[in-house]
Amino acid sequence: MPEPETPVEFRAVQRNRAAHWIKSAQSRVRIARAARRVVALGAPSDLPRALLHPAVVGGRFSVVESIALDIEDADGALAGLAEAAQLVRDGRVDALLVAGQIGPTNMRRVADVALAFHCEVLAVMPTEVLAEHEPVVVWTDEGPLIQLARLPRHPFHDAVKRCIDVVLSAIGLIVAAPLLIVLGLLVMIESPGTPIFKHTRIGFRGRKFSCLKLRTMRADAEAVLRADRAMYEEYRQNHFKIPESRDPRVTKLGRFLRQTSLDELPQLWNVLAGEMTLVGPRPELPNIVAGYEPWQHSRHTVRPGLTGWWQVKRDGTRLMHEATELDIYYVLNCSLLLDIKILALTAGAVVRGRGSF
Numbered sequence: 001m002p003e004p005e006t007p008v009e010f011r012a013v014q015r016n017r018a019a020h021w022i023k024s025a026q027s028r029v030r031i032a033r034a035a036r037r038v039v040a041l042g043a044p045s046d047l048p049r050a051l052l053h054p055a056v057v058g059g060r061f062s063v064v065e066s067i068a069l070d071i072e073d074a075d076g077a078l079a080g081l082a083e084a085a086q087l088v089r090d091g092r093v094d095a096l097l098v099a100g101q102i103g104p105t106n107m108r109r110v111a112d113v114a115l116a117f118h119c120e121v122l123a124v125m126p127t128e129v130l131a132e133h134e135p136v137v138v139w140t141d142e143g144p145l146i147q148l149a150r151l152p153r154h155p156f157h158d159a160v161k162r163c164i165d166v167v168l169s170a171i172g173l174i175v176a177a178p179l180l181i182v183l184g185l186l187v188m189i190e191s192p193g194t195p196i197f198k199h200t201r202i203g204f205r206g207r208k209f210s211c212l213k214l215r216t217m218r219a220d221a222e223a224v225l226r227a228d229r230a231m232y233e234e235y236r237q238n239h240f241k242i243p244e245s246r247d248p249r250v251t252k253l254g255r256f257l258r259q260t261s262l263d264e265l266p267q268l269w270n271v272l273a274g275e276m277t278l279v280g281p282r283p284e285l286p287n288i289v290a291g292y293e294p295w296q297h298s299r300h301t302v303r304p305g306l307t308g309w310w311q312v313k314r315d316g317t318r319l320m321h322e323a324t325e326l327d328i329y330y331v332l333n334c335s336l337l338l339d340i341k342i343l344a345l346t347a348g349a350v351v352r353g354r355g356s357f
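Letter by letter, the sequence shown follows residues 1 to 357 of the numbering used here.
Note that these hints are calculated values from the structure, not bench results.
None of the hints are false.
With beta-carbon atoms standing in for the labels, derived distance ranges: (1) R89 x G59: 21 to 27 angstroms; (2) V57 x L338: 40 to 46 angstroms; (3) A170 x T105: 41 to 47 angstroms; (4) L51 x R352: 54 to 60 angstroms; (5) P192 x G348: 33 to 39 angstroms; (6) D90 x R246: 39 to 45 angstroms; (7) R352 x A176: 17 to 23 angstroms; (8) G59 x D90: 20 to 26 angstroms; (9) S210 x P248: 23 to 29 angstroms; (10) D70 x I174: 53 to 59 angstroms; (11) L168 x E234: 36 to 42 angstroms; (12) E325 x V63: 29 to 35 angstroms.
No experiment lies behind these values; they were computed from the predicted model shown.
Think of the CB as a built atom: it goes at the ideal place given N, C-alpha and C, for glycine as much as any other residue.
Whole structure, please, built from the sequences with the hints as guidance.
Here you go:
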């Protein structure tokens, strides 16, 4: 049987255990700091400011890769941002480290990439600070380093928005049920087949879901389109769209439903199910999203909506995916007041017969 420890021996053991625990904790902190992986972005002449920054040399940040941005060439800068976005997407880095000034447009793209892929933006001063940024100094020694934090959304915003979605969509479905039944019967009479059309769209955080609409095309729409090779090629080259006035697939009732936006009524079920919201960026087709630039994915950080900022601000000259900045404006500025404004403008557009969104 071992000898019992004396009080002195016991205190020595406790001190040794405490010292060991402190060293272990310090080691874990050092490892955590060293594990904060970043990709450095900036003009070629400014990149050394990031690579040789005391926070990097001291091991607080680990530069996984450095990417030179041609800040004078928009396409060149976007190519570099696409490479950085892929590193974040692959889980190889935790943050973007901007070296100096890269121009407001490029900084906006960097902020949008960070928003889309949920990572931090750090910057070596001096650099551009956007209106929605709330800079936090994370290194005060030689060469100030800041974290460009976004303004936090009101903590109850999402909960209140969801409650409004549930209440209004449920009321809307109950009120619109008789109309939906009548319209569904008319759709089947004009063109035999199911009255509800399910089409795959990209939703919240890039997830696919079945977006519901009243069918506005013939049941054999795909066969009709493919039978006309010239029109099908035009359809492919025009981002899978054909002017409605020339589209042989759209029925007479379908044109009326699109003009009055009544074909969108079944999407109230998508709202009730939590796949959509009343106000947000409209859900886009998977084949269009596949061609997005990295910064455009930030529109998927909120749920897609029945209507949105693009729908009420569009000028008719650009398609939805060509005006993504309007959706991103909503993402950055979303609020209940803005939602109310968009709903009011949407009601006016529907009354004027601007057509389906």
